[in-house]
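Here are the chains, one letter per residue:
Number of protein chains: 4
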Amino acid sequence: MTETSTQIGTLDELYGVLAERSYEPLWTIKGALTPEPQTQMVPFLWPYDEVRDLILQAGGLISAEEADRRVLAFKNPGTGDHEIARTTDSLWAAIQLVMPGEVAPPHRHTAAALRYIIEGEGAYTVVDGQRVEMEAGDFIVTPNWTWHEHGHEGQGPMIWLDGLDLPMVHTLHLVFADFTGSAPAANGQSTEALSSGRLLPAWNGGQTPRTLVWKLADVEAAFAELASAPGSPYDDLILEYRDPTDAGNPLMPTLTAYMQMLRPGVETQPHRHTSSAVYHVVRGSGWSEINGEKFSWGPGDTFSLPVWAEHRHANPGNSDALLFSFSDRPAVESLGLLRES
Amino acid sequence: MTETSTQIGTLDELYGVLAERSYEPLWTIKGALTPEPQTQMVPFLWPYDEVRDLILQAGGLISAEEADRRVLAFKNPGTGDHEIARTTDSLWAAIQLVMPGEVAPPHRHTAAALRYIIEGEGAYTVVDGQRVEMEAGDFIVTPNWTWHEHGHEGQGPMIWLDGLDLPMVHTLHLVFADFTGSAPAANGQSTEALSSGRLLPAWNGGQTPRTLVWKLADVEAAFAELASAPGSPYDDLILEYRDPTDAGNPLMPTLTAYMQMLRPGVETQPHRHTSSAVYHVVRGSGWSEINGEKFSWGPGDTFSLPVWAEHRHANPGNSDALLFSFSDRPAVESLGLLRES
Amino acid sequence: MTETSTQIGTLDELYGVLAERSYEPLWTIKGALTPEPQTQMVPFLWPYDEVRDLILQAGGLISAEEADRRVLAFKNPGTGDHEIARTTDSLWAAIQLVMPGEVAPPHRHTAAALRYIIEGEGAYTVVDGQRVEMEAGDFIVTPNWTWHEHGHEGQGPMIWLDGLDLPMVHTLHLVFADFTGSAPAANGQSTEALSSGRLLPAWNGGQTPRTLVWKLADVEAAFAELASAPGSPYDDLILEYRDPTDAGNPLMPTLTAYMQMLRPGVETQPHRHTSSAVYHVVRGSGWSEINGEKFSWGPGDTFSLPVWAEHRHANPGNSDALLFSFSDRPAVESLGLLRES
Amino acid sequence: MTETSTQIGTLDELYGVLAERSYEPLWTIKGALTPEPQTQMVPFLWPYDEVRDLILQAGGLISAEEADRRVLAFKNPGTGDHEIARTTDSLWAAIQLVMPGEVAPPHRHTAAALRYIIEGEGAYTVVDGQRVEMEAGDFIVTPNWTWHEHGHEGQGPMIWLDGLDLPMVHTLHLVFADFTGSAPAANGQSTEALSSGRLLPAWNGGQTPRTLVWKLADVEAAFAELASAPGSPYDDLILEYRDPTDAGNPLMPTLTAYMQMLRPGVETQPHRHTSSAVYHVVRGSGWSEINGEKFSWGPGDTFSLPVWAEHRHANPGNSDALLFSFSDRPAVESLGLLRES
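Residue numbers (our numbering), protein chains in the order written: chain A, 395 to 735; chain B, 395 to 735; chain C, 395 to 735; chain D, 395 to 735.
Simulated from the structure, these hints should not be mistaken for laboratory data. Values in this document were obtained by computation on a predicted structure and should not be read as measured data. You may find that some hints are simply not true.
You can't tell identical chains apart in this list, so a pair holds if it fits in one copy or across any two.
[Said to hold, decoys possible] Only pairs whose alpha carbons sit at most 16 Å apart, straight line, appear in this in silico EDC-like list of lysine to aspartate or glutamate:
1. LYS609 / ASP532
2. LYS424 / ASP612
3. LYS424 / GLU661
4. LYS609 / GLU515
5. LYS609 / ASP522
6. LYS609 / ASP695
7. LYS688 / GLU734
8. LYS424 / ASP572
Just chain A, with the same shape it has in the complex (with noise of 0.2 Å):
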């Protein structure tokens, strides 16, 4: 008090005062305020022919206890050299390779996850105790804070493709993980049925198990029913994965997902929004103008789209192509801050 209340007699020496003393005066926040988002992110692709040769590569140069080194994130170019890497700002997605045997033993996690499976058959999740067998077309989820681990009771190579919001969860400062806590035992039980929201058990505490995998027949058969329907003029026929136990809300707060038809012929307008996203290519070829810049994709092919970047697609052959996307917009949804222009 006796200190401040001395006179300052220039602005430099104010400047002095307030660093020392912890303020600081508007500026650094002007300068936040920009017209628009600003993001170091950029869009990029990475081929599925060298995602897998490395993939394969690693698998065979780390011992069995490193197993867990069988996962490689696709990390922006635009991540700075001391950031924890991610695919977007607010999204991390990478490859994994399991091969038969092999088990990761369970955990848990703030951030939410979830899985495409690119290659293979005969691998299993285990979810809060809930199995669920994987094969190449399906799409998992893993929501935030559940137990899940997984194993590979087949043969050849366990392919997939991992999405996380960790980079949200982590700039927000609320990631709590349990490595060593007691998952609660797989109990083998398939609960579809059930979960595809259809019948409801109606006695106090009965309740729906929520949904936890989508086949890719269903998506197919989505696709076959809306052939002729005019679709997005973005995104040509999108469907959202959705939770039918939970039909009015998003599949996850962070994390939704989608798969996209480009029928053939199809260039579709371009838009941006507030939500990045992560691209993945299940079949077909075609290409996706980014902020200016043209990338042409093929089967496995991942691509980023950041914050605010302008897109579209196109599929100039002759058959579908099917891309399969997950992206942060419920978060930026339900903070008020999701734009479409």
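With the hints as your guide, set chains B, C and D onto chain A.
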């Protein structure tokens, strides 16, 4: 004014003036404020042998033009002479027979309807242009003001149970009906993959069609998953039909429906509630005690549960019993009038 | 069984058997499916001079013990001989007189109630232990199953309008009433600062008490703010009473209430809806045309608006007119039966 | 392809290839998955004597054109060298001085803001064209993307606390700002009677304007009503500011605010949660213990509560203490990341 300011000398004189001028002292309402609900409706059972014989004989006695008379309502014996037939105060149930080649033209009304198919296959219904094939075990909804029609392109008699909220809608004087307007054309399209609520068209205006039909096989699968669940003390295993595209809400604003499994040897606890219901036996046999009276039932039988009637169920046999039922519970609940004891 | 399998020879014989065994062919319901709602209720107006004179004369003719007869219901002339008096099909309105020193003991019922205070001050009501002082212009709610009682500690007669959903609750056979149980003690506490909904106790179990009373002065202030608003073409300026602690929902599940201002010279457009209403004139004079019949009204008059009746209002004078009204709109809407044209 | 299919001989070689091609093994994320949240932010207290002296001295040193520098942010000492100043990871708080005759031109941004007025009267703010007068004790909100401006038409310095969610919005790369567009004209209209949420314009398009200002007198009245309530073991009496026109939701999607009263002699229990907060002392004195460190506070002091920091409060004196605080709890909760222990 001049008249009314006349001095009235006695209570009798007052009552005369009041009656003449459309006033009434508090009496009437006082009598209406009973400690508990009063109803003329009684518990009653209509045996299927009788029902089936009468509807088939009716089918033979009436001409093709009168085919819409092949509907027999379950008229509660408590219904008054000049009142509309009803099964409980708010619910109307009936048996309907459709013969091969018959067609019912499209119509719609503000009374909501549901059907449970008892016998036959090869018939269809069209609800707001969406065609649904019907076979035994199906549960089908026709919400308020949806166009509906049906026909029978198969072999043999088709028999189903109809359930409507007509007594409630009629009592509230809110009936609209349209027998002459143009229904949307049947599009022959099945949309069940979409309407499971697992995949939602994500473009603007894309809407998941609502669920119209639930198959018995799915219900059986759900019961199989729940085989070792504790169940409800009042109802054993009981599943509510839900629309996965609108999972937070009951099936219709006025009606919901259940399938319950009474496992061998089960005898439930008595309870009562301010919703009324109609039960239909899908398979097995047993008994229900309603307000102290025991009703033995077997396959195809239908019985009524009036408002606030104490009831319990038992399956003394060696195999499962399945009871389908529908109820006005959503209406009672949304009006803030649901109670159980 | 044996009986029913007997061959029935004629339609007449069939009808006899059906009637005897509690079945009914489709006829009844067919008749019930009218193109538009049918009601016996008529538009009717009860002039306040007459109402006030009769209730005061009744006050003088009946003894203290019979004080609860100082309630005169507005009985719609369309009410049948053996039916409960009602003002519209779902609403019951009455005038109530309370003299200084009189007390009504606590009771509760599943019929929800509201009051609009017409004359006097110095009376109070206690709703579930929360005491509210009453004066002319107050609007007060007594939701379903809340304990309520009242007394008059002031001078001069106290006159108010009572509105209940009793005809609806009675028709649905869902009346419970309790005249003998123990009401919570009156706590004398005003909680209006909290119940404005602007400040919410944030600790576990802390709950904002629901709003019970709205003052005319606040209503007048709101109209002053809206003086230059365009208003509704059907109702001019109309405000719905809302509970700010539960702002997303109507006042009660079955009832809502409005105050509307007809500005000088206003003549509204006709419309109709499937909710019914009772209007009470707070100040000013004008006329309403209902189903083609014109009703001129002045301060204190009460009139009924049946279901689906076309109506419009006019204020040909030089000063504002205020109409209070209550309606079953929330019930009709939650049952999916609301329509307007 | 050709390159990547080259055999890679060692792990080091592999890591080189991965880095070059924008992949990263699982390491980074593993390190990010900490058992509990990690933050650089520390608890810190800025005393009001110092704050007030510095802002007034700053007011004298800078010219009129630089008036927007009369804002001093509370910069958490844990903030890194090249980072935007912040008070906690998600919240930014500052002290603002406005002198008579000064005006801040209209602007808007996706960062949401709130103000608590510490000293003075005669200033005003305009939020989306709605003008609100400001005096000490007022709490005022400026939601995401609303136009806002202010001016001072009174005497003497006006000092307030600003709270923004800017660090969160900036971190998510979702900042939009507009300093040049046209704000709606101030209409000079107070709409507080409507915005209490008790009266809702019922015509189509009529909308109750949202609540913008809460007066300290109303807060004091609410505390008076709750004087004998048990309160929270962690916070004693604590009230959350709510918008009665939207009572089911928090004040803003990212921010909420509280006023809490620590009654004389109170010492609360410790707890912690994944939301962070900034506290400002309105009156009284006491201490708060945060992560084991005790901070003594008096009127006008401001202190920070980082994420997941254990804390408790005490008022050892003989008169009430009032603490205003704001928090990112709504954001943390809607993302599914709220925890307390």
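**Request:** Have a look at LYS424 and ASP572 and pick one of within, between, both or neither, based on CA distance no larger than 16 Å.
**Result:** between (40 Å within a copy, 12 Å between copies)
**Request:** State whether the alpha carbon distance between LYS424 and ASP612 is at most 16 Å within one copy, between copies, both, or neither.
**Result:** neither (50 Å within a copy, 35 Å between copies)
**Prompt:** Between the shortest in-copy and the shortest cross-copy C-alpha distance, which are at most 16 Å for LYS609 and ASP532: within, between, both, or neither?
**Reply:** The answer is within: 5 Å in one copy meets 16 Å, while 25 Å across copies does not.
**Message:** Reference check for the pair LYS609 and ASP522, CA-CA at most 16 Å: within, between, both, or neither?
**Reply:** For LYS609 and ASP522, neither the intra-copy (20 Å) nor the inter-copy (29 Å) Cα distance is at most 16 Å.
**Item:** Up to 16 Å CA-CA - GLU661 versus LYS424, copy category
**Value:** Classified as neither; 40 Å inside a copy, 40 Å across copies.
**Request:** Check LYS688 against GLU734 for me: Cα-Cα at most 16 Å, and say if that holds within a copy, between copies, both or neither.
**Result:** So LYS688 and GLU734 fail the 16 Å test inside a copy (21 Å) and across (47 Å) alike.
**Prompt:** Quick one: LYS609 to ASP695, C-alpha cut-off 16 Å, is that within a copy, between copies, both, or neither?
**Reply:** Close neither inside one copy (20 Å) nor across copies (40 Å); limit 16 Å.
**Prompt:** Are the CA atoms of LYS609 and GLU515 at most 16 Å apart within a copy, between copies, both, or neither?
**Reply:** within (13 Å within a copy, 30 Å between copies)
In the structure shown, a violation is registered for the earlier hints numbered 2, 3, 5, 6, 7, in ascending order.
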